[in-house]
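Please arrange chain B on chain A, whose structure you already have, making use of the hints.
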Amino acid sequence: MISRILGIELRRSSAAVTGAAIAAVGVAGLWTLVLSSQGELWDAQWTMLAAFQRIMLVALWPLALGAGAWQSRRDRRCGTEELLGTTPLPTWRRTLPAALALAVCLLLGYAVTLASGAVRVLGATGYLHAGWLPMAGVGALSLVAAGCLGMGTGRLVPSAYTPPLLVVAGFLVLIVPVQLSKSSTSGRAGLLFPNLTTTIDEFTTIADSVSLAQSLWFAGLAVSGLLAVMVARRRSAVVAVAPALLGVAVAVPLLGVAPASGLQRDKGAVAEVCTHDGGPVVCVTKAHEKGLGTLVGPARRALTLLAKLPGAPTSVHEVTDARTGPQPSHEAWLSSANYRPGHGWAADGGNELVISVLAGAGTRPCEPVDYATRAIAAAWLYGRYPAPGQSLPPGEAADQRDSAWRALQAQPAEEQARRIASIRTAGLSCHGALARELDGGAS
Amino acid sequence: MRLVVLYLRSRRAPMALPVAAVGVAAVILLGDDPWNLPRSLTFALLALALGAGVLGNGLGGAQDVLERTAAIPWVRWRTAHVLAVATVLFMAVAATSSVPSGVVLRDAAGLVGLTALASVTFGSQLAWTLPVAWAGTAAAVPALGGPGILRVLTWPAQPPDSTVAAVTATVLAGVGLAAYATRGSRLSTWDRTGQSRTPKW
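Chain order of the listed sequences is A and B.
First residue of the first sequence: 41, per the working numbering; consecutive thereafter.
First residue of the second sequence: -7, per the working numbering; consecutive thereafter.
If you're looking for bench data, these hints aren't it; they were derived computationally from the structure.
Even glycine gets a Cβ: it sits at the ideal position worked out from N, Cα and C.
Mixed in with the good hints there might be a few duds.
Simulated restraints, written as ranges between beta carbons of each label pair [as the list claims (entries may be wrong)]:
1) R380/A with V167/B: 22 to 30 Å
2) L196/A with P134/B: 32 to 40 Å
3) G333/A with G138/B: 30 to 38 Å
4) D25/B with G337/A: 53 to 61 Å
5) P152/B with P408/A: 36 to 44 Å
6) L123/A with E59/B: 20 to 28 Å
So here's chain A without its partners, still in its complex pose (with noise of 0.2 Å):
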């Protein structure tokens, strides 16, 4: 019986309509992006997709909410309110369905969403994982909880005014926190929001017990707003407060043992790939997989020109900002900010990818990065000064490296290569500054 109504409610209601919209909506954040050549704000992998759908959810969550209570008012803008009071079934079984309709146009309006970004994505990354889905499912549950709290506030305020009044108080909840907190980030209570605040990376994931804490939460609101549509006394909605109490009651502790921006490292993305092809191993990060194969070939001409060096390295591994030291003397690291996603490392030939792999003679940026000294190590390394991907506008820092790179010269040939070796002893630990090492290690 209700499965047949239900069916009429889909066909029937705004559901569809509000589903068609949210999807509509959905779409054209992730397009417009890509047409403004920011795509890759959330196509190079599924967590990101993932991640910045959650961050629309700052205008799809209002939205829902004002359709849920334009919905809920339906049959008193009929004027069959009192007529359809008059029937025996209970309230329940004439709101309940077209609640489901609702939540069911909800979830398809988020699922087309994701599905159209899906197309691109597919198309970036070779790293498949599941890992994602919380963070989807808990997005479309959010959304499906502002529906039906849209529904229940719509039948406890039955005004004309009460939709629009709702989407502002919507848009208000989620943007004051931001605009009003000196800080960019909320801390743990901005968790209990549905939307992000920012984007991620691609090794970055929602923890799962934040997830977890989450869905619990918006499950709780969306029951609170399907009591309060189902009730058959208004004052009796009262009761609806209840299960969503019972959601931050088991949210926040949750929550607690979560780091405080709810955000964890992916494992599986940074995970090594490497080749076994016999020749000198260069491995990537599973997020980056695709990139693998041109980075092969100028990863190993660098590890040629490297062999200047005593104690030269035989592996070239590709290293995220959070990786930590100390990093094996027998191995290069090349730091995962010189992949482009989309574009994958970069390109020219590969000759500017040698020069990244050889910057800081095979060591990744340390903080402070000496960007002046890298290049220079990485320069006498590769036999040319600028070496290709180096120049820099004139001006005060071009002429400050290119005096450095001439009192290199200076030197004879075995200090040349004892001050570029120390290089890479400092940038193996990440400790002591490289321009010192440059100028010989003695002042």
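The following block gives chain B in isolation, referenced to the frame of chain A:
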């Protein structure tokens, strides 16, 4: 004069005006900051959205079909109505917000035009949809520069000197006003079908 009073009552103005005024003032008091123009603009936008959403409900009456049989110049009345809504909104927000009044004027005109457009397309009960959704989204996402299409999409949050935003607002205001003045609100399903169709049995 009596006709004006009756018209305002039929548009539920005695209820809508206080609701809109209180709502606009509350939103702007919540977040207006004279030293932070982007933030003030965000809240001014939400206030305008709220006002347009509430007042937009009055773009239609309870019985539009019946009303249209009245021998009064509807084009003039509707034009005056839209202009009055825009003026009220502009004055309410410009008086309370610290956003430059040029921006308030641009956004009020564009959003009221959108309201009229939504009323013509979806009916006065849904007149709130377009202005609230567009202004709210523009308030929630950062105003984008770059290609023209992005500036058009985020026109309400663009800086005061943006030509693209001014043109977009003018077009929306003009089209909305013209469409509403000539066609009026879309009739409800009941009005369109229920009274003209004879039973089949």
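Checklist line | List of violated hint numbers, smallest to largest | finding: Violated: hint 1 alone.
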